[in-house]
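All chains, full assembly: derive it from the sequences and hints.
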Amino acid sequence: MIYLDCAATSMKKPKAVAQAVSWAMEHAGNVGRGAYGSALSGARCVYEARETLAQFFGAEDPSRIAFTSNATEALNAAIRGLFSPGDHIISTVCEHNSVLRPLYLLEKEGVEVTYIGTDTSGMLDYSAMEQAVQPQTKAIIVTHASNLTGNLTDLARIHSITEKTGILLIVDASQSAGSVPIHVRDMGIDVLCFTGHKGLMGPQGTGGIYVREGLAIRPFKVGGSGILSFEREHPGRMPEVLEAGTMNVHGIAGLLAAVKYIEEIGLSHIREIELERVRQFQEGIASIKEIRLYGNPDPRKRVGIASVNLGSEDSAQVADELWETYEICVRGGAHCAPRMHEALGTAGQGAVRFSFSSFTTEEEVDCAIRALREIQGA
Amino acid sequence: MRQKQMYYVLTFRTTTAALSMERFCQDRKIPGRLIPLPVQVSAGCGLAWRIPDTEYPVLEADIRPKEGAAGFWLVSAERKIEIDKIVKLML
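In order, the protein sequences belong to chains P and S. Sequential numbering of the first sequence, starting at 1, is according to my numbering. Sequential numbering of the second sequence, starting at 1, is according to my numbering.
The hints are simulated quantities; they were obtained by calculation from the structure and are not laboratory data. Be careful, since some hints might not be right.
[Unchecked claim] Here are the simulated DSS-like cross-link-like pairs (lysine-lysine), alpha carbons at most 27 Å apart as the crow flies:
no., chain 1, residue 1, chain 2, residue 2
1, P, Lys12, P, Lys138
2, P, Lys260, S, Lys80
3, S, Lys29, S, Lys66
4, P, Lys138, P, Lys164
5, P, Lys260, S, Lys29
Right, dumping it as structure tokens:
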């Protein structure tokens with residue numbers, strides 16, 4: 001089996017991740033629900049994960065990182081907790097449904113949203129973004145990297161808009177965290193939403209949100225907090241404000257081990273390997289007849305994703321043939337990115353997404369290239 | 001029941017702040033430990049930091065009252081910890 005669906009989840013993970021999950025399942029009690037040994041073991045593990053991620057993303061301090069079950073929950077927390085009817089938000093057609101669907105809910109409640117378009121390679125129209133700012137605009141919500149094309153967003157350019165206008169910059173880092181460097185304070189990011197199980201290589205069911213100091217989010221989920229139990233309102237301070245209910249300490253222990261692994265081998269090293277694999281794939285498929293690669297042709301301006309189509313073949317069937325005949329795992333279809341497909345003109349066909357990680361080998365990429373060549377008969 | 005002694009008890013608005021205090025004290029080799037929030041301070045659950053009263057002056061050196069609000073800050077080069085209350089108790 002050749003796994004090339006790392007944009008869906010990093011199935012191949014450092015060994016330390018499973019070991020940490022196993023350790024937590026045997027030793028970690030419920031975080032913040034007791035002062036005895038196992039409860040404190042769990043709490044210390046979660047605190048260390050906060051510290052490590054705060055440092056990894058350049059946050060002010062560990063309390064600015066709240067854990068969520070995935071990026072979708074983090075994005076819902078931000079999008080549903082920061083705006084009111086009458087506000088205006090700028091977002092883009094590059095977004096995943098985890099951004100779009102919460103925005104559609106807000107639109108029903110009286111928030112206006114402008115979706116910035118792209119050119120034919122999926123590159124954002126930054127001038128239109130700047131022109132879209134209105135007096136009632138409160139935020140720009142944007143993905144750091146498209147989950148379909150892999151195109152990296154020019155966050156420095158967007159920060160120049162948010163800095164000038166005083167609006168919030170909310171970033172979906174689902175496809176970039178763990179693949180490219182992110183420093184929230186240097187990059188002017190007010191809210192960063194991330195998943196733990198893709199580039200960060202932690203277990204599924206983990207994710208988190210960074211919220212800049214001084215910014216308050218109304219929680220959409222309230223309940224048990226382990227503190228201030230007689231107050232009728234959920235505690236309002238970060239990170240507990242966004243962490244109602246029992247935490248996924250087992251997953252967070254795995255995420256901590258994963259981020260420590262990334263720090264040990266170096267993010268730049270990971271990026272280098274991913275770029276090499278994408279470059280190898282692109283060069284290898286270039287001569288296949290009627291193949292079309294989507295996104296910026298320069299792999300340095302993308303994360304480790306390469307989405308293609310073979311002529312007018314249904315992407316789902318190509319993905320299925322890759323699995324059935326070659327045991328290659330890729331993602332066909334719409335990738336929960338309907339507006340991106342519409343912008344690329346692939347709403348009917350979808351696309352076959354290959355996505356690589358630092359665990360992908362050159363031989364695996366070669367097999368994928370050969371398989372595509374055989375399928376297309378060229 | 002165990003024999004009671006005099007302690008200073010520091011309480012927090014978040015579990016994260018309590019854990020941060022533990023890390024601060026461990027780094028500085030300041031004695032103490034996390035305990036369940038005593039009901040004499042509040043009935044709201046949570047973790048508190050307990051330090052023998054004789055050792056408290058070492059910790060106190062880094063603690064400042066908030067300006068214009070109830071509570072305290074512990075500020076060091078590495079950490080900024082919000083403290084809700086500081087209470088001297090027989091526990």
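Output the numbers, in ascending order, of every earlier hint that fails for this structure. Hint 1 alone not satisfied by this model.
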